[in-house]
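S.K.: Starting from the known structure of chain D, arrange chains Y and V on it as the hints suggest.
Chains as they are written, first to last, in this note's numbering: chain D, 73 to 767; chain Y, 192 to 357; chain V, 56 to 154.
The hints are simulated quantities; they were obtained by calculation from the structure and are not laboratory data. Every value quoted in this text rests on a predicted model; they were computed, and no experiment measured them. The reader is advised that the hints may include incorrect statements.
What the hints assert, rightly or not - Here are the simulated distance ranges between beta carbons: (1) Ala760(D) with Leu284(Y): 11 to 21 Å; (2) Tyr747(D) with Val333(Y): 34 to 44 Å; (3) Leu284(Y) with Tyr710(D): 51 to 61 Å; (4) Tyr747(D) with Glu109(V): 35 to 45 Å; (5) Leu344(Y) with Glu728(D): 51 to 61 Å; (6) Glu109(V) with Leu736(D): 41 to 51 Å.
Said to hold, decoys possible - Short, incomplete list of chain D residues facing chain V, as computed with Cβ under 10 Å: (7) Gln740; (8) Ser741; (9) Gly742; (10) Arg743; (11) Leu744; (12) Pro745; (13) Tyr747; (14) Ala748; (15) Leu749; (16) Val752.
Positions of the beta carbon are idealized from the N, C-alpha and C atoms, including for glycine.
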Amino acid sequence: MLDAAWIIPALPAASFVAILLFGRRLGGGGAFLGIGAVAAALGASLMAVVEWVHRVDDAATEHGLGTLAVFGKGLLGAEAEHAAVKPVVHAVTWWESGPWVLRVGTHVDGLTVMMLVVVTVISLVVHVYSTAYMHGDERYTYFYAALSLFTASMLLLVVAENTLQLLVGWELVGLCSFMLIGHWWEEKPNTNAAIKAFLTTRTGDIGLLVGVILTGVMVEQATGRFSFGILATNEAALSGRVGETLLTVTAACLLLGIIGKSGQFPLHTWLPDAMAGPTPVSALIHAATMVVAGVYLGARVYPVFWEGFAIASGGINPMAAVGAITIVIGALLAFVQNDIKKVLAYSTISQLGYMVMGLGVGAWVGAVFHLFTHAFFKALLFLGAGSISHSGSHHSFDMRKDMGGLRHHMPVTFWTFLIGSAALAGIFPLAGFWSKDDILATAGQSGYELFMVVGIVGAILTASYMTRCVYLTFFGTYRGHGHPHESPPAITGPLVVLAALSVVAGFANAAAFGIEKFVEYVEPTVAFPKVLVPDFDVTLAVISVGLALASIGVAAYLWFQREELGPFAGLTRRSAPARAGYTFLVNKYYLDALYEDGIVAGIRGPLARAAYRLNQRVIDGIVNAVGRGTAVAGRLTYRYVDQGAVDAALNGLADETGALGGLLRRLQSGRLPRYALAVVAGVVLLGAGLVLIRI
Amino acid sequence: MVAQNVTFWVLAVVMVAAAIGVVRTGNVVHAALYLVVVLAGVAAQFILLAAEFVAWVQVLIYIGAVVILFLFGIMLTRAPMRHETPLDNDQRLPAALAAGALGVLLVTAVLDAFRGREIDFTSRTGPTPTAEVAQSIFRTFVVPFEVVSVLLLAALIGAIVLARRD
Amino acid sequence: MPLTQFLVLAAILFAVGAYGVLARRNGVLVLMSIELMLNAVTLNLVAFSAQLDEVAGQVFALFVITIAAAEVGVGLAIVLLLYRNLRTPDLDAVDQLKG
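Same shape as in the complex, but just chain D (with noise of 0.2 Å):
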């Protein structure tokens, strides 16, 4: 499978195109071709899995690196030597001219299996949980076409070999991701969010493009040849061969795009507007997949970053900055949220900052396992809004409205919901701990300490909110006005494997027990930099989930004992400056009201009436001018040229050829006698003819 890879995103695109084609007219609407596809592909991507890590464990026996290698550095803190593995690469070339090659095809390693794993594993999740929750739509074919396309370009973004191919999967997502928030699109507010979503995502996009090109000159200029190939691109980054200003260029342009994909700050505003599409599509698209792809390209060709913004000095770079920016934000702006989904979209946020952040610090594992781990229980929080929406608030995500004391009603999601918040508050030994642990740790022993800080701040922010959220939707009276029940099992048994997930992934590189699995078959150990594996330190698990368990502890107190908020209650009321804060936060920074009023109404007003007045002033000026011109020039030839030479040289040609005709009729007088003489006339000229040569 390593060698096919090429399969694992030709199968959901087959069966796009299937449903497309036949599934209104199968039974079902077409779903269990979406989901036997990706089920497939998860398949396959296990097989992946196993092929890989036999590939690294051959290597590592073949140079005899013996058990040591084998079982991770356990808890003496000495950086284990990995036999370099070669990923494996395969490419065809779809277009050459001169120095420039083209190629699509697969670069499948460690990093590559476990994306391949989390994007199957959701997807497969949220094409089962679809069939309950969009049940009835009247788009429900093309949902499920539309989520194929989607797992088909994700998957193609995560094998591809070459960074063109990459941005080509990257717009496909964009492309799908329009498409699904917009799902609903007979509400104005949906197609806003959409457009929205794919406008600013454009706007870093062209970062990205840029960044692309770069990649390229940056493999010319230390090789001398031309590739996009990523694996020429990191080996390109790392050889030294490349000049200081160009890596830092390249670097800062793909920062600018995984800002805007991957919702950093300043771009993050279209991410919580995406709530409008449907759940499932918020938890695969907006939470677990499309938004990571901005890290995995972090992590893809992290080379590049490392040597452009040289992550291993220490101090602050633009990627660590950006991505601690976000997480505060992010945290900030979930406290102030009625809507469940916007709670959980600024809480991705807000993640999505730790992993970019994770990238800036060199904490390579640890970001990339972040980002495995939030896969999980991200998407286990959002199928849980989605669950709670569809049986216990009548269709509404408004917790302060319709929601309240659904734990009694809704078990199942109750429980699985609580997990997934406990593991994104980072509370050991579920998944959340381990993943943000790392990166705090390497953070701390790299040099980049004030990070580490902002990293605990925002734990402890996030598990005050995640409480906040809980118990308004959980605990107290039901608010709301619909019959609420639990989901049906198609809906919760999702939520059940999505929690049990939360659970044990965090033992996949649980550095306290010695488990490294990332570190050994997910790092890559080919044009790689030698980042660090940090050294599990216990005073620092201690203090963050000690922290973050004393937050819950704050706010369980506040919310649950003293019933709303307690002495903080009305204190928006009583204190201008609470107030000024709230309004501050509600109004997102007012960085909304900047981009659409400022920006974007200020390119709209003055530039374009300006544009306007151009266009009728001088180029229709011109335009009408021409016509004018042209119109006085076709007079005068009409009279001169056509009726005056053309049309006498006709009519002379034509009088001629009367006067001729008028000539040649007296032949054809119809007199035989004419004829007659014609004839002898002609007998007589023939034979003196005759006669007078024979003479």
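M.R.: Below, chains Y and V without anything else, positioned relative to chain D:
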């Protein structure tokens, strides 16, 4: 020899004059009569040339039948008997020129080709026997004879069909 | 007797007949002129027959006479038809082929 020559010349002059009469006279019936003279003259020439049978056939058929046909034709088409309408069309001059040229052409050709040839009658004992002519027709030229018979038949039927009043 | 005198005579008769065909207005007269021309031809044939001592010439002369008779019959029938349709034997009136 001298007698034959004289006869020839006399006949020739009469024939040519009559021919000119045919084409120039203003009276249709006179033209027909002039034609009779010409035809008779031709018959006489045939006798001079020792072709008796042909001469008498000429007289019988041409003068005896063809001219009668012409006279019937004149009668049926009510051609003017008097000098009222001119019988010539408007291209007399070009016609004369053309015919004149034709005549000159033919005469020169003939003179050029056959100058000095003589018809020798010394070896003949009399006019060509009719039996010889008959033999030639019914032996050597029997096919043309049959064809001409069919032609006559066709002409006959054709003339009847054309001239029918229906 | 010199052969040429017969031939020249025939030539002259032929030319005169040609003039008649071209210059005459009445259809019957045109036919008469054609007879003149045919007779000239027969005279030629017989003259050559005498000169060459071949009876074939006379046989052909007979054929010519026969054919001339047939032709006159049909010709007059045509002239009659023309006369019936055009009310005049004038050949100048036959100009339906006028372009």
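S.K.: It remains to establish, for every hint, whether it holds in the given structure.
M.R.: Structure-based check of each hint:
1. Checked against the given bound of 11 to 21 Å, the beta carbons of alanine 760(D) and leucine 284(Y), roughly 19 Å apart, stay inside it.
2. A hinted range of 34 to 44 Å for the beta carbons of tyrosine 747(D) and valine 333(Y) is consistent with their spacing of about 38 Å.
3. The supplied range of 51 to 61 Å is met by leucine 284(Y) and tyrosine 710(D), whose beta-carbon atoms lie about 54 Å from each other.
4. In this structure the hint that tyrosine 747(D) and glutamate 109(V) lie 35 to 45 Å apart at CB holds, the actual value being about 37 Å.
5. Taking the beta carbon of each, leucine 344(Y) and glutamate 728(D) are about 55 Å apart, inside 51 to 61 Å as hinted.
6. Evaluation of the 41 to 51 Å hint for glutamate 109(V) and leucine 736(D) yields a pass: the beta carbon distance comes to about 49 Å.
7. A least Cβ separation of about 3 Å between glutamine 740(D) and chain V falls short of the 10 Å threshold, and the interface hint therefore holds.
8. Given the 10 Å rule on beta carbons, the hint for serine 741(D) holds: about 6 Å separates it from the nearest Cβ of chain V.
9. Hint status for glycine 742(D): holds, given a least beta-carbon distance of 3 Å to chain V, under 10 Å.
10. For arginine 743(D), the suggested interface contact is upheld, since its CB lies about 5 Å from the closest CB of chain V, less than 10 Å.
11. Nearest Cβ of chain V to the Cβ of leucine 744(D): about 5 Å, under the 10 Å cut. The hint holds.
12. For proline 745(D), the suggested interface contact is upheld, since its CB lies about 6 Å from the closest CB of chain V, less than 10 Å.
13. Because the beta carbon of tyrosine 747(D) sits about 9 Å from the nearest beta carbon in chain V, less than 10 Å, this interface hint is met.
14. A least Cβ separation of about 6 Å between alanine 748(D) and chain V falls short of the 10 Å threshold, and the interface hint therefore holds.
15. With its C-beta approaching chain V no nearer than about 5 Å, leucine 749(D) sits inside the 10 Å limit, and its interface hint holds.
16. Interface hint at valine 752(D): satisfied, since its Cβ lies 6 Å from the closest Cβ of chain V, which is below the 10 Å cut-off.
Hint compliance for this structure: no hint is broken.
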